[in-house]
Amino acid sequence: MINPLQYDHLPFIAAAYALFFGAVLVFSFGTRARLASVTRRLRAADPRARQKEAQS
Amino acid sequence: MDASTAIAEQQTGQPARRNLHRFANPGRFLRIAARVQPYLTIPAIVLTAIGIGWGLFFSPADYQQGDAVRIMYIHVPMAWLATAGYAGLAVASLLSLVWRHPLADMAAAEIGPVGATVTALCLATGSLWGKPMWGTWWVWDARLTSVLVLFFLYCGHIMLIRAFDDQERGYRAGAILALIGVVNLPIIHFSVQWWNTLHQGNSIGLTGSNTMSSRMLWPLFLSALGCTFGFSAIVVGRLRAAVMERRLRGLLLAQAERAA
Numbered sequence: 013m014i015n016p017l018q019y020d021h022l023p024f025i026a027a028a029y030a031l032f033f034g035a036v037l038v039f040s041f042g043t044r045a046r047l048a049s050v051t052r053r054l055r056a057a058d059p060r061a062r063q064k065e066a067q068s
Numbered sequence: 528m529d530a531s532t533a534i535a536e537q538q539t540g541q542p543a544r545r546n547l548h549r550f551a552n553p554g555r556f557l558r559i560a561a562r563v564q565p566y567l568t569i570p571a572i573v574l575t576a577i578g579i580g581w582g583l584f585f586s587p588a589d590y591q592q593g594d595a596v597r598i599m600y601i602h603v604p605m606a607w608l609a610t611a612g613y614a615g616l617a618v619a620s621l622l623s624l625v626w627r628h629p630l631a632d633m634a635a636a637e638i639g640p641v642g643a644t645v646t647a648l649c650l651a652t653g654s655l656w657g658k659p660m661w662g663t664w665w666v667w668d669a670r671l672t673s674v675l676v677l678f679f680l681y682c683g684h685i686m687l688i689r690a691f692d693d694q695e696r697g698y699r700a701g702a703i704l705a706l707i708g709v710v711n712l713p714i715i716h717f718s719v720q721w722w723n724t725l726h727q728g729n730s731i732g733l734t735g736s737n738t739m740s741s742r743m744l745w746p747l748f749l750s751a752l753g754c755t756f757g758f759s760a761i762v763v764g765r766l767r768a769a770v771m772e773r774r775l776r777g778l779l780l781a782q783a784e785r786a787a
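One line per chain: the protein sequences are G and S, in this order. Counted the way our numbering counts, the first sequence spans residues 13 to 68. Counted the way our numbering counts, the second sequence spans residues 528 to 787.
These aren't lab readings, by the way, just hints derived from the structure by calculation. Zero decoy hints are in this set.
Here are the computed lysine to any residue pairs in the SDA-like style, where the Cα-Cα straight-line distance is at most 20 Å: (1) S:LYS658 / G:LEU22; (2) S:LYS658 / G:LEU31; (3) S:LYS658 / S:ASP594; (4) S:LYS658 / G:PRO23; (5) S:LYS658 / S:GLN727; (6) S:LYS658 / S:GLY728; (7) S:LYS658 / G:ASP20; (8) S:LYS658 / S:LEU675.
Covered by chain G, per the in silico footprint, the following chain S stretches (three or more residues, Cβ under 8 Å): (9) 580-586; (10) 597-605; (11) 654-661; (12) 765-776.
Since we're looking at a predicted model, the values are computed, not measured. Glycine included, C-beta positions come from ideal geometry on N, C-alpha and C.
Go ahead and model the full structure; you've got the sequences and the hints to work with.
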């Protein structure tokens with residue numbers, strides 16, 4: 013196994029991977045938050061969904 | 528056969544199996560997409576982790592480029608997804624313009640920001656790879672410039688669909704721009720053959736013309752596959768949210784009309 017701390021050009025490699033994982037985190041958590049928010053608002057606005065929840 | 532499928536068959540005179548509009552039912556789409564989502568997310572995490580882990584900790588350094596070659600395990604998947612994502616955007620635009628598929632407009636709108644981000648990542652990681660190898664962050668060669676044009680096309684599409692008060696007109700204008708921009712995809716692919724570029728030529732070919740060691744090729748392949756699943760998972764998640772937001776707007780509008 014190679015020790016990443018011994019890479020040549022380490023700052024460039026680290027910056028590239030930081031950008032990549034930053035974007036992955038922003039999009040995955042952003043999408044999850046957007047889905048959770050719209051699901052909550054939809055349940056609040058939809059009387060049928062509220063009825064179903066009350067029955068169950 | 529449910530009612531929506533029967534209506535679609537009556538309207539088009541085509542069997543439902545060949546009818547794209549059977550997927551246009553938002554309720555059905557949401558059910559299918561929710562079921563498909565884990566099958567995209569889990570392979571995305573697993574394959575990307577294996578590909579990048581292999582590339583960073585076990586694959587060899589390049590004999591010329593040293594460890595900087597490890598940027599390849601994210602740069603190449605981003606480059607592939609930038610073009611594949613645009614092809615997806617163009618297909619959605621075609622479905623929207625020709626068949627007026629109701630989900631196609633929303634799909635194009637949701638692919639745009641994700642595609643623009645992967646293109647920006649492709650340019651940024653390429654620049655971070657170029658500085659130690661070429662001695663410069665940027666050159667105006669054909670490959671880099673055509674990818675920059677692709678980034679501008681994505682940005683143009685994002686802005687154009689939001690530039691009209693009438694959303695339908697925005698979607699239509701965006702779809703036309705997306706289809707015109709398709710001409711850039713072969714330019715990107717063949718740029719390293721048609722012109723003398725500082726960017727290296729293709730190292731991977733479908734016809735077995737690979738010039739890369741299998742010890743680098745496998746982690747690259749797994750990383751690219753994982754990122755493709757990840758891109759699809761994010762787009763499907765965003766599309767689910769967009770469909771639910773449209774349903775919510777409809778509900779709130781109906782409630783407001785009843786109250787008035």
